[in-house]
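Asks: Sequence:
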Amino acid sequence: MEALPTRKLCSTINDCKQTAATNCEGCSQSFCTKHFLEHRHLLSEEMNVIISEHSHLQHTFKQSIECDLHPFVKQIDEWEKESIVKIQQKAEKLRQELFQLISIRNNEILSILQQLSEDLNENRKNDNFIEMDLQQWKITLENLKTKLDSSSTTFSFDIHDDLPLVQNISIIFTIENELFEKVFDNIVQIKQYGQVAIHDTSYNYTEVRGKNEYTTGHHKIRLYIEQSADKWTFLGITSKSILLQKQSTNSKSSYGWANNNYFLLNGECQLNRSSPRIEMKTNDIITLIFDCDNHKIFMINERTNTKYELIVNINHCPFPWQFHVNLYEANSCIRILSA
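Under numbering that gives the first Met the number 0, think of the first position of the sequence shown as 0, with each following residue one higher.
Hints are not guaranteed to be accurate.
Keeping only pairs whose Cα atoms sit at most 27 Å apart, straight-line, the calculated DSS-like set for lysine-lysine is [unchecked claim]:
no.	residue 1	residue 2
1	K210	K137
2	K85	K73
3	K181	K89
4	K190	K230
5	K92	K181
6	K124	K219
7	K181	K219
Honestly, the hints are just simulated from the structure, not real lab data.
Sequences are here, hints too, so could you generate the full structure?
Replies: Set out below in structure tokens:
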């Protein structure tokens, strides 16, 4: 006779004695009808929690993909506002620098015009002029025309790739309006309305200073060496705060180059051991560049096509800088050129 199957009880943990009516494929347990319904209800509640979490996550995701609600958008907005303020501040600073330089140029031209007017009227009144005077007055007028031309002023942006955005733009101002203005003694005479400095027939050191003061921006001076024995002519800068002196290159404020192949840092004369040699011979055209923003000065000899650079320690040579020349040779002569 075949044996009867064993009764399977409900698997509920509360010791249910009811016979199991069905099996759950998910957990592999057997339940009576009552407890199976409870088991399904618990599963449904867990399912509802999952659906709720899914809905919440879906809503959060939809919010996150809307740019105006992204948390970084606020940071970008703040960065934008701060950058605009910095740009506006930088632009205003550059405008003031430009206005200051234009004012310096205009005052210089006005001064030369007034002096020229006095000379012309006086010499015409006294009938005291010859061909050489007429030629010189013509040259002076042509130089003034050049200065009045907009091409005599260079205005451009200089972008520094190694600096952060907003701070990486500076303005290069190049205004050729320098004139000789002061000398230490009468060994050197300033002629032709400040355009020429001429040493007398002796061999003595003496200092000549330019008219302008340099604090910001980028400035260029072109010089013509009319006469030089190639023994000693110094071109460079010094601080306005330093008094004129005979051997001005001994000052710690002196930075520049001498035509005997030496350069000066902090007033110390150092031999140029690299090639090419530093030269300033008769008929050479020399360009000096003062980069105040980066505390550098440059010298270019157009004949040899060589460029030299010095880094200026502003603790030794504080702003404002001035164009600084020291002459020694008899009859040496330097002319400031227009653009």
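Asks: If a hint holds in the structure, say so; if it does not, say that too.
Replies: Structure-based check of each hint:
As the CA atoms of K210 and K137 are separated by approximately 23 Å, the hinted pair is consistent with the 27 Å bound. Straight-line distance between C-alpha atoms of K85 and K73 comes to about 18 Å, which keeps the hinted pair within the 27 Å bound. A distance of roughly 34 Å separates the Cα atoms of K181 and K89; the hinted pair therefore is violated under the 27 Å criterion. Of the pairs offered as hints, the one joining K190 and K230 holds, with about 23 Å between alpha carbons and a cut-off of 27 Å not exceeded.
The suggested pairing of K92 with K181 is violated, with an alpha-carbon distance near 30 Å, which exceeds 27 Å. With a C-alpha separation of about 39 Å, the suggested pairing of K124 with K219 is violated against the 27 Å cut-off. At most 27 Å may separate the alpha-carbon atoms for a hinted pair to count; K181 and K219 meet this at roughly 19 Å.
Checked against the numbered hints listed earlier, the structure breaks hints 3, 5, 6; every other hint is satisfied.
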